[in-house]
Structure formats: structure tokens, C-alpha cells
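Chemist: Here's the letter readout for the chains.
Number of protein chains: 2
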Amino acid sequence: MRERHIGASCKLFFKSDPLKIVRASKQYMYDEAGNEYLDCINNVCHVGHCHPAVVKAGWEQAQVLNTNSRFLHDNIVLLAQKLSSLFPSKLQVCYFTNSGSEANDLAIRLARIHTKHNDTIVIDHAYHGHTWEVLGLSPYKHKSRDDLPDWCHIVENPDAYRGKYTSDEHADLGTKYADEVAAKIAEIQASGRSVAAFFAESIQSCAGQVFLPEGYLRQVYKHVRAAGGICVADEVQCGFGRVGSPHWWAFQLQGEDIIPDIVTIGKPMGNGHPVAAVITTAEIAESFNKSGVEYFNTYGGNPVSCAVALSVIKVLEDEKLREHAKEVGEYMLEKLKEMSNRHSLIGDVRGIGLFVGIELVKDRVTKEPASAIAQHVIFRMKESRILLSADGPHRNVLKLKPPMCFSKANVDSVFALLNTVLTEVREVKAEHIQSAVHALMGGANGPIRGELRQTESCRINSSKPPAKKLRKI
Amino acid sequence: MRERHIGASCKLFFKSDPLKIVRASKQYMYDEAGNEYLDCINNVCHVGHCHPAVVKAGWEQAQVLNTNSRFLHDNIVLLAQKLSSLFPSKLQVCYFTNSGSEANDLAIRLARIHTKHNDTIVIDHAYHGHTWEVLGLSPYKHKSRDDLPDWCHIVENPDAYRGKYTSDEHADLGTKYADEVAAKIAEIQASGRSVAAFFAESIQSCAGQVFLPEGYLRQVYKHVRAAGGICVADEVQCGFGRVGSPHWWAFQLQGEDIIPDIVTIGKPMGNGHPVAAVITTAEIAESFNKSGVEYFNTYGGNPVSCAVALSVIKVLEDEKLREHAKEVGEYMLEKLKEMSNRHSLIGDVRGIGLFVGIELVKDRVTKEPASAIAQHVIFRMKESRILLSADGPHRNVLKLKPPMCFSKANVDSVFALLNTVLTEVREVKAEHIQSAVHALMGGANGPIRGELRQTESCRINSSKPPAKKLRKI
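As given, the protein sequences belong to chains A and B, one line each in that order.
When we follow the working numbering, the leftmost residue of the first sequence carries the number 1, and every step to the right adds one.
When we follow the working numbering, the leftmost residue of the second sequence carries the number 1, and every step to the right adds one.
Calculated from the structure, these hints are not laboratory results.
There could be a bad hint or two in this list.
If you want the footprint, here are the derived chain B segments under chain A, 3+ residues with CB under 8 Å [said to hold, decoys possible]:
(1) 8 to 18
(2) 50 to 58
(3) 126 to 132
(4) 282 to 291
Negatives, chain B to chain A, calculated, CB over 12 Å [said to hold, decoys possible]:
(5) 162
(6) 169
(7) 180
(8) 191
(9) 383
(10) 408
(11) 409
(12) 417
(13) 419
C-beta atoms are modelled at their ideal positions from N, C-alpha and C, and glycine is treated no differently.
Given these sequences and hints, build the entire structure.
Modeler: Given below as C-alpha cells:
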């Protein structure tokens, strides 16, 4: 039925053996047979699947009124006021949308109207959403840079582990990578074009769970503003306290003086309910208003969406989930660092709060991505009912972005199993892995993105047993 | 608070004296003081505000599971299957989104990928949504045609009352207006460009509640397909049975043989909950799939959105609301025709089911739009707690698109009051109206769109008393 009626472009997790989840609560999901899965990846159901307070808030409002924002209503104002209070005071005007994609789409529009410029700068491998224009600033979704529109300019992913400049070889990566942005701006201007905006997730997610190096945004924002552009922080995946207290937003990791001109928020905001927003300055909002074009979003800011979002923020505060994220995140990082001493497959671990990446490599010196092994690990974890996923251009970075109630005991379960699986991988002969991976991946098509080709499957050289490699380190 | 925190580009109804609605049920809304308003315009809360069955369906599912469509779930398949069953059998593949704008945005993408062409043809004054690319095919949102992108080509609004060809002067308007599309295609091709899609609402809404003339789509679709383009029917405002039984979709009014290649649906689909969809053919879905780019919409097709949409369809069926819309719509048209005999201000009445337009003119011969009078009527109706609105390029077309449970008694109330207000207008001296309108409209800015200039305010010539004009007819 799904094959007949749902577009095949909508991919499932675990394509060869997809999960049918029928129920979820907190950080757990349950299949038809009642099996419990630990959810390490759902960054939408932020305060826990089906959180009763959030469900109740939506339900109560839905019974009373759910109309568009053409009428005055307390909820939209209360939410805007609450959100503004979580941002630096300059960011005070909200526009409500139904998805992060709609929010980023509107951000492009605001940037162009305000600056009267057209072009954008984005980080390589970035993903900002699925509308036509937003796809134009999402290198992640294009097979070739040539497929991107001419107004989109890509700068290096400031990846300290695998990027153009690495922490092994360079000090002050922030300046190194910011200089790349300055050079790109010069190039854009030399070609007679102009920069409307610099768009960046405050932590690169699809691009491989990459944290911005210290000082990066401070310098980039200076360069962009000097060119008459504005700075957009995409917090759709990393916002709402995921990075742990004291912060609400990941851009704050770059310093209290870092204030974007526009912030876009989404996924976690409704704990699954479609609600998202753009927060900007009074000046940018005024430019938009002066353009004379009304912005009307039928469902955006409706009383139910606002009630749900208000409730999510309240739960984050009442249950001290940012503090919890900080504590569990620190515990997780510590455990991960220990584990990386035991497994040479782990090339890098990085994380803040409940936003963690584990980069798997075949060789710590060459850093050859262990893409197929990452897929194998994910499938083995799933067999044992732990849901993980991988991202990054090589799909070799295991990601953990669990609901915010994820516990230390959950960390222990995940890492105990991960330890077992990585040990197995080390011990099993390469050819066995290769055939197992092939079967698990369901043949020529990758389990999630068709782009992952079979040519990327396991290439561990059986003449170099992994055990030896381990000893090298 | 709203002024400080909500972008001023988000406009309120009745700006000078906005309504604060706190509760709604069926076709009624209630303000803070408990005053009841009859809602004649909310085409989102389709089966009635806060319909208990729909609220319950959303609430029950939200308690159990609300995750993304990466996992198998019955609801998404059941909804896709149900929707497909409401369309001609060729339309069988669904993509779920959160808004009509996202649906139309995806439709552009599908059209371009499938046809390998780029340009679109749209009807003048059309509105298809608020994302960047969709704004590009929404002449309604642009002050000048020059502001539209070069890939968007406008054809005449096939308006039998006020268009280039009118039913007074021409027979076979369908052919006349379809020939305009053929000519536009020739022009596009002569300039070395190519047509990806013809986009049209199946009834023009923002463009003035305009019904397509008989035979229009049959011929247009032929021309567009001959040029290698595809045909998109935007049913976001007019779909889901609003036109009355036996139809589910307004494109069906053009004949059972009319089958669009893509249909987009939205607003009424979730009765206020953000859910929308694209329905297309297996061939177009396959072209999209072959492009190798995954389509992932975080909330699109989530179990709650699907449960809500399934429930809306069930209520439409259980409560026989399409049959009801047909019956009440016929009654309304009959009453309106009677009333137009009494009021020369009514230039034209048109409607099918619960999609009705009443075009106000200052003079039936010149058809000069009575834009300010329309605003005056709306404000007077609101004073008596009936919510109406106006649309069309001159904003002189009163529109009625009420929840589907709107009754004959509601029709009687609306038309009794409308009769009173139109009689007042006829009797009051023009200069009085002019100052009253000015005050009611809150000064130089129109109540809803800033574009409505004061220069459009009432220009009834007091030397020609309306009473005389009435006798002329």
C-alpha cells in the first residue's frame, strides 16, 4: 500500500526491514509486537515522545479555538513574548510558520528585502529545508555544486577533524575558516554580485555533527555585515536547549556577544506538532513591512500551534531539561572518550549537550571514512533495539540527538552495545562484513539515501587485520 | 504586545477595531464578552470550528505517537489510500506537507523534474502561497507584473463578468480564454523557453471568486500537454467538497474527463491543523524518484496530521456535508438572485455549493467596482456580528466560504442583514458614506491589505441618487 500511494522519494529508515512503530513515550518507541526501542535520534519529539503536558495543551486549545492569526489571540502574543525573552533583546519580532523549511524560506525573503542584495553564502553540505528556494541553499541535497543556483555560494565546512584546516595542523581554526568566508565575499563582489545573507546552522547537523570553531561566527558576522549582508542562524535542529544550560541556542556557544540578525527555529518547537518561527530585529521587520507585501501563513501562529509551543518551553523549564542535557551530555562525552581509546574505528568524538557525533574511520591516519561500517553498526544496534543514525558527507558519523529526557542509564545501554558491536566489527573478517553489509543494506540502494552507493561498502583490507591497527594507536 | 513582537506584515482582519476571538464552535465564533459571530469566511475550519470528532482524533493519536514518516505507520497509508479513492484513478501517489504553500512549492518541483521544462503559466491575480518560489507564481502578491520572475507567465483571468471576454458579449468563453493560453504558450516557445506547468485554482478565489467557463480546462489542458507541460489544479481553497455533491473537487465541475496531472490540497484538510498534500500520477512520482533526491518533510504525513485529515474526510461523509453544501448553496444562490433584483449595487452573483461571490458595482453598465462600499458593508455586517470578507483585484467581491455546516437559517440571517445594509447604502448620501468609510477603514491604510488606497474610497455620485439607478434596472 505504501509503495502504491506514497511517493518513493519519501524514504524510510531501515528500508530493507523497516520498523513499524505504533506507540512512543519519553525516549522509547514500541513496535507492533510491543518491542521497546531506545530512540537516540528523534530531535523533534524534544521533551519526550507524546509528553502528556504538551498533548494536553494542544488538546485543550483545539477544543476551544483553532483559527488563523487574522484575529487577536493571547497565545500568539504570549508565545512571541516568551520566545523573545529567550533571545538577546535585539531579536524581538516573530513570524510563525509550520516548518523549519518555511521559516528558512521566509528568512531568505527578509534578508533580500532588507539588504536589497540577492546572494547567499552557505556552509558546504548544509541542509536548510525542502522548499524550492531553500533547497537552493542546501548543498547536501545536490549531487554536484553545479546544480546549485548561481546566487548560492559555498564556503568550507569548518570541520576541525576532516575539513580543509584541522586541529592537528592549525591553531586558530576560527580565523582560518572565517578567512575563507571573507575570500568568498571578495569573490562574490568581484563578480559584481552582492551578499544578502550568510546562512549557517549553529552546529552543522547533516554536514556531520560539526561544531563551529571558536571565534568563527564573530569574524564571519563581521565580514558579512561589512559587505552589507545579514547573518542567519538556523537553529531548527540544534535549538531549544539541546546544547545544555545555560544556553537556549547553539549560536550562544560562540559567545554572548554573537547576535544573529535572524534566527530560524522549528523541529523541537512543537514536540512533533508542525510549528516553527523566524525571529528577527525590529529593523528587518520594518523593512519587510515597508515592502507593502503582507505575510499571511494560514496555520502559522494559530492558537493550537502556539499553545503547544508554549507548553514545550514550559516543560523544558519545569523539568530543567537544559540542565539535564548538560549533565547527561558531559557524561556521554566522557564515556565516548574512554571508548575511543578502545576502538580505533572511532576517529573523532564531539558533542555538546545532547548533540553528539561519533566519526568512524577505517584508519586514524588517513581518516578514510568507515561509511559501510557505520551502516552496519546502525543495523546491529537496531537489531538490539537501539535506534541510531549516521550523517555527514560520507555518512560515517553516528549521530545522537535523542529526546531531552535521555538518561545516563540510556547512555550506558547505548555504549555497552556500541562497544560490543565495534568489537565484533574488529574481530569479524572483512569479507564477512562486506556480504553482511550488502544484505543488510538491501542491495544496491542505501538504506536511507539513494545517494549512498554500493561502491562505498566496506573496504577494510583483510591483509591488515583490524586488531593490528588497533595496536598501532 | 502584538505590535512589539509580531511582524507588522502579518495583518489582522478589521485592523482599526480587531476582534479578539476566544472560542469557536461549528459556524460560530465568540469574542471575550461572549458575543456570537456568524463566520461566513473560514474555509479552513471546514467541518465546523473545533469539530469534536476531529479534535478527538488528533488528541487520541497525539497521546500515542507523533513522529516523522521515516517509520511505517498505518495512518499515512490509510490517508493516502482514502485520498486516492476520492480522485480519478490516475491520481494515486501522495506527498504530505504542512501547508498549501509547501504543496504548491513541491508541485513546481515535480513539474520541472518531470517535464525538464522550467516556466509556468498562471492566471492573473492568482495566489498560490507564500514560499519564495510559489510567490513567483502569485500575481496577486505583486504590485506590478514586472516584479514577477521571468519564468512566470500570466494569462487572463477567465472572468465572465469583468474579464477581457464577458458573457454579455461572447459565446463560448471557454474557448476564448483557452485560446489566450494557447497564444501565451506560442509566445513562450517563440522566446526559446518551455512550459513546465499550467497552475490554476479550480475556482479563482483571491482573484475574485471567479468560476472557470465551460470547456476551459479541457482546452487549456490540451494546449499545455501538447507543449510538453503538465496541468496543476490548486484545490487548497476550493477542494474537499466545498462545491457540493457529487463532487469532491472543483476541477470536476469542468467535466468528468478533466484529470489534472497534479492536485494540491490544503486548508480544509485538517480543519485548522497544519496538513496538506500533493497528489499526482505514478509517472510523475517516478520521475521525481529517479532524480535521486529524497523528499523529506519532517512533520509531513505524521500520524497525528494523518489522523486529523482522515477524521475530516470521515465527518464530511458521515454528516453528508457535500450534499448539505449543495442544498444550502442552491438556496443561497436563489436568495442572492432575488436580492440582486432589489439592489443595483449587486453587479453579479456567482457560486456553487458554499463558494459564493457577490460583486458590488457602482454602476451596472460601467461595472465600476464599489470597493469602498464593499468595505463598508463588511464593517456594518461585523457590527451586527456577521463576518464577511471581500476579494478580487478591486476588493469589491464579497465572499462567502463558510464552514460546511452553514445552514439555510444562516443564509437567511446574512441576507436579511445584507439587504438592510445595502438599503442603507442606497439611502445615505454619498458624502456621509465617504467619511464613515474613512473612519471605519482606520485612515489611509486599508483594513486588511495596505495596497487598498484611500483613493479607491466611495465615489458614488450624489447627483445620481441610487434610487434612480435602481429603477433603471
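Chemist: If a hint holds in the structure, say so; if it does not, say that too.
Modeler: Outcome of the hint check:
no. : hint       : verdict
1   : 8 to 18    : holds (count 7)
2   : 50 to 58   : holds (count 4)
3   : 126 to 132 : holds (count 3)
4   : 282 to 291 : holds (count 5)
5   : 162        : 23 Å, holds
6   : 169        : 35 Å, holds
7   : 180        : 27 Å, holds
8   : 191        : 21 Å, holds
9   : 383        : 16 Å, holds
10  : 408        : 24 Å, holds
11  : 409        : 22 Å, holds
12  : 417        : 20 Å, holds
13  : 419        : 26 Å, holds
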